[in-house]
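Asker: Now for the letters of each chain:
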Amino acid sequence: MSSNFQWDTFAEAFPYVLQGLGMTVGLTFACFGFALIFGFIWILLRRLPLKSLVWISTWVMEFIRSTPPLVQLFFIYYAWPVIPVVGVTLEPFTCAVLGIGIHYSTYIGEIYRSGIDSVDKGQWEASTALNFSTIDKWKRIIIPQAIPPTIPMLGNYFIIMFKEVPLASTIGVGGILFMANSYGSLHFAYLEPLTIVGIIFFILSYPSSILIKKLEVKMNTRFDKNAILSKSKKKSIQGMNLEGSDHIV
Amino acid sequence: MSEILVKNKKSNSLLNSEPIVKYRDITKSYGDAHILKGINLDIHPGEKIAVIGPSGSGKTTIIRMLMTLEEPTSGDILVNGTNLWKMDKNGSSVRANEKHLRDVRGDIGMVFQHFNLFPHMTILENCMSAPIHVKKENKEEVRERAAMMLKRVGLGDKLDYYPSQLSGGQKQRVAMARALVMRPKIMLFDEVTSALDPELVGEVLEVIRDIAINDEMAMVLVTHEMDFALDVADKVLFLDQGVIAEQGTASEVLEHSTNERLQSFLHRFRKA
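In order, the protein sequences belong to chains A and B. Just so we're aligned: 145 in the working numbering is position 145 of the first sequence, and the numbers increase by one with no gaps anywhere. Just so we're aligned: 103 in the working numbering is position 103 of the second sequence, and the numbers increase by one with no gaps anywhere.
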């Protein structure tokens with residue numbers, strides 16, 4: 001292993017490591033998409049009128065959240081196939097999507113829940129008073145209000161998952177960390193390719209987090225974009241607790 | 001009285017008609033707290049009822065039960081002869097499910113203390129959403145009717161505004177338009193002026209007065225506006241300690257009652 005940082009090695013390793021970028025980004029999107037959908041399923045399970053299902057899903061969620069994603073990943077990849085009857089051997093990529101996706105779906109589900117809880121109970125009452133069906137209540141009144149405030153939080157989880165996706169290299173998914181490792185073992189040079197991995201992650205994560213901060217500001221002022229009321233007036237109205245006073249935090 | 005209003009009393013024949021809503025021995029308890037202790041009440045088509053009483057007397061609970069927002073502990077509420085909170089299943093009476101509640105509450109509309117407008121919709125959309133998606137009415141017809149209703153409450157020039165851009169009084173007027181577009185047979189008003197700045201109360205009462213005079217629907221107003229109740233109500237109920245302690249025409253209850261607790265309640269109010 002060369003002990004000093006070599007720029008020519010850096011230049012050579014760069015395109016090699018970069019080959020894994022598509023996989024890393026693709027896997028991030030796949031895991032995130034899976035977590036978005038599965039997070040919704042957790043919420044549904046926990047709102048079912050069946051007590052036993054609610055109890056089971058609550059504990060399964062708790063279990064998943066309290067164990068490391070790497071252990072879950074290994075379990076799905078190495079242990080699951082040898083379980084009788086339900087065991088299946090899966091592609092590394094599929095395992096990674098399942099492992100990382102399910103782990104983070106428990107957090108995403110929690111975000112959805114906070115979004116739903118943030119909708120004033122008066123909104124439920126008004127939609128009952130207007131006789132909306134349960135489905136329309138969710139679709140037209142609750143979800144449109146519950147999801148937008150959670151978008152910045154979901155964005156943060158997207159970045160967190162982007163940074164967790166290299167876990168998949170341990171089961172052989174060819175992302176940038178995997179490529180850097182394989183370059184290292186081929187050329188006995190780890191410093192440069194791993195530096196490159198760090199740089200790539202930084203270049204992609206940092207601007208995204210700034211973008212999400214901006215989004216957060218925008219979300220906080222939504223529905224107010226054409227506001228004609230002056231700021232001071234608005235404050236006095238909020239002070240009067242005119243809008244859903246019970247839930248002002 | 002600040003002004004004298006010619007009351008649009010419903011003819012006796014209307015009040016003699018079959019009640020549209022009947023409360024029978026309704027009670028409501030939260031644990032050991034007995035909010036309502038046996039309420040019997042008939043609401044006739046077109047009747048305007050004002051419910052007054054000290055806070056905690058259960059006034060709001062009475063109308064929230066009719067809107068299916070709270071379930072009675074015991075007793076029955078009949079709407080057009082159908083039991084609201086109970087339904088028939090295989091010959092026995094069981095707790096109503098959501099489908100049954102949906103079928104029965106269609107004729108009832110409500111305006112809330114805190115307006116509860118949908119913040120993600122313009123005020124026109126607020127008024128259009130339910131007729132289109134609940135009653136499956138024609139979109140263009142609904143748009144026209146909703147715009148007309150908003151014009152009637154004085155907001156015809158603000159159709160594309162979001163609720164956050166309006167004052168409390170304006171929001172409450174939108175909430176009334178939203179309920180009216182559904183053409184309810186009974187409108188419930190839950191202390192609709194108590195969250196408003198004093199200078200905005202008048203404009204909201206004006207709209208209610210207009211509805212009371214010109215519309216056929218029955219109205220139940222839970223209110224602290226005594227003078228207003230005297231003005232528009234055919235009947236006033238004084239609710240106290242979970243029972244209807246006094247009822248009659250507005251002038252009987254508000255001006256000529258000998259009920260001591262009512263006297264002291266009104267006295268406190270007039271002083272305030």
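Just so you know, the hints here were simulated from the structure itself, not pulled from any lab data. Each residue gets a CB set at the ideal place from its N, CA and C atoms; glycine is no exception. Just so you know, not all the hints are guaranteed correct.
Chain A residues, not near chain B, derived (Cβ > 10 angstroms throughout) [to be verified]:
hint: 1; residue: W7
hint: 2; residue: G22
hint: 3; residue: W80
hint: 4; residue: L90
Okay, the calculated beta carbon distance ranges per label pair [as the list claims (entries may be wrong)]:
hint: 5; chain 1: B; residue 1: V243; chain 2: A; residue 2: F40; range: 56 to 62 angstroms
hint: 6; chain 1: B; residue 1: K139; chain 2: A; residue 2: W124; range: 22 to 28 angstroms
hint: 7; chain 1: A; residue 1: I135; chain 2: B; residue 2: N90; range: 34 to 40 angstroms
hint: 8; chain 1: A; residue 1: E110; chain 2: B; residue 2: D197; range: 51 to 57 angstroms
hint: 9; chain 1: B; residue 1: E144; chain 2: A; residue 2: V217; range: 55 to 61 angstroms
hint: 10; chain 1: A; residue 1: I37; chain 2: B; residue 2: R209; range: 50 to 56 angstroms
hint: 11; chain 1: B; residue 1: F269; chain 2: A; residue 2: I160; range: 56 to 62 angstroms
hint: 12; chain 1: B; residue 1: D160; chain 2: A; residue 2: V71; range: 42 to 48 angstroms
hint: 13; chain 1: A; residue 1: M219; chain 2: B; residue 2: F269; range: 42 to 48 angstroms
hint: 14; chain 1: B; residue 1: E199; chain 2: A; residue 2: S66; range: 54 to 60 angstroms
hint: 15; chain 1: A; residue 1: L215; chain 2: B; residue 2: D210; range: 43 to 49 angstroms
hint: 16; chain 1: A; residue 1: V86; chain 2: B; residue 2: D25; range: 31 to 37 angstroms
hint: 17; chain 1: B; residue 1: G91; chain 2: A; residue 2: M219; range: 51 to 57 angstroms
Pairs of lysine-lysine, BS3-like flavour, derived with a Cα cap of 25 angstroms [said to hold, decoys possible]:
hint: 18; chain 1: B; residue 1: K89; chain 2: B; residue 2: K139
hint: 19; chain 1: B; residue 1: K22; chain 2: A; residue 2: K214
hint: 20; chain 1: A; residue 1: K137; chain 2: B; residue 2: K22
hint: 21; chain 1: B; residue 1: K139; chain 2: A; residue 2: K139
hint: 22; chain 1: B; residue 1: K99; chain 2: A; residue 2: K137
hint: 23; chain 1: B; residue 1: K99; chain 2: B; residue 2: K151
hint: 24; chain 1: B; residue 1: K139; chain 2: B; residue 2: K86
hint: 25; chain 1: B; residue 1: K22; chain 2: A; residue 2: K139
hint: 26; chain 1: A; residue 1: K121; chain 2: A; residue 2: K213
hint: 27; chain 1: B; residue 1: K22; chain 2: B; residue 2: K37
hint: 28; chain 1: A; residue 1: K51; chain 2: B; residue 2: K135
hint: 29; chain 1: B; residue 1: K139; chain 2: A; residue 2: K121
hint: 30; chain 1: A; residue 1: K139; chain 2: B; residue 2: K135
hint: 31; chain 1: A; residue 1: K137; chain 2: B; residue 2: K37
hint: 32; chain 1: B; residue 1: K185; chain 2: B; residue 2: K86
hint: 33; chain 1: B; residue 1: K37; chain 2: A; residue 2: K139
hint: 34; chain 1: B; residue 1: K22; chain 2: B; residue 2: K185
hint: 35; chain 1: B; residue 1: K99; chain 2: B; residue 2: K37
hint: 36; chain 1: B; residue 1: K99; chain 2: B; residue 2: K89
Asker: I'd like to know which numbered hints this structure contradicts. Please list them from smallest to largest.
Answerer: Going through the list in order, the structure violates hints 5, 7, 8, 9, 12, 16, 18, 19, 20, 23, 24, 25, 26, 28, 29, 31, 33 and 35 and respects the others.
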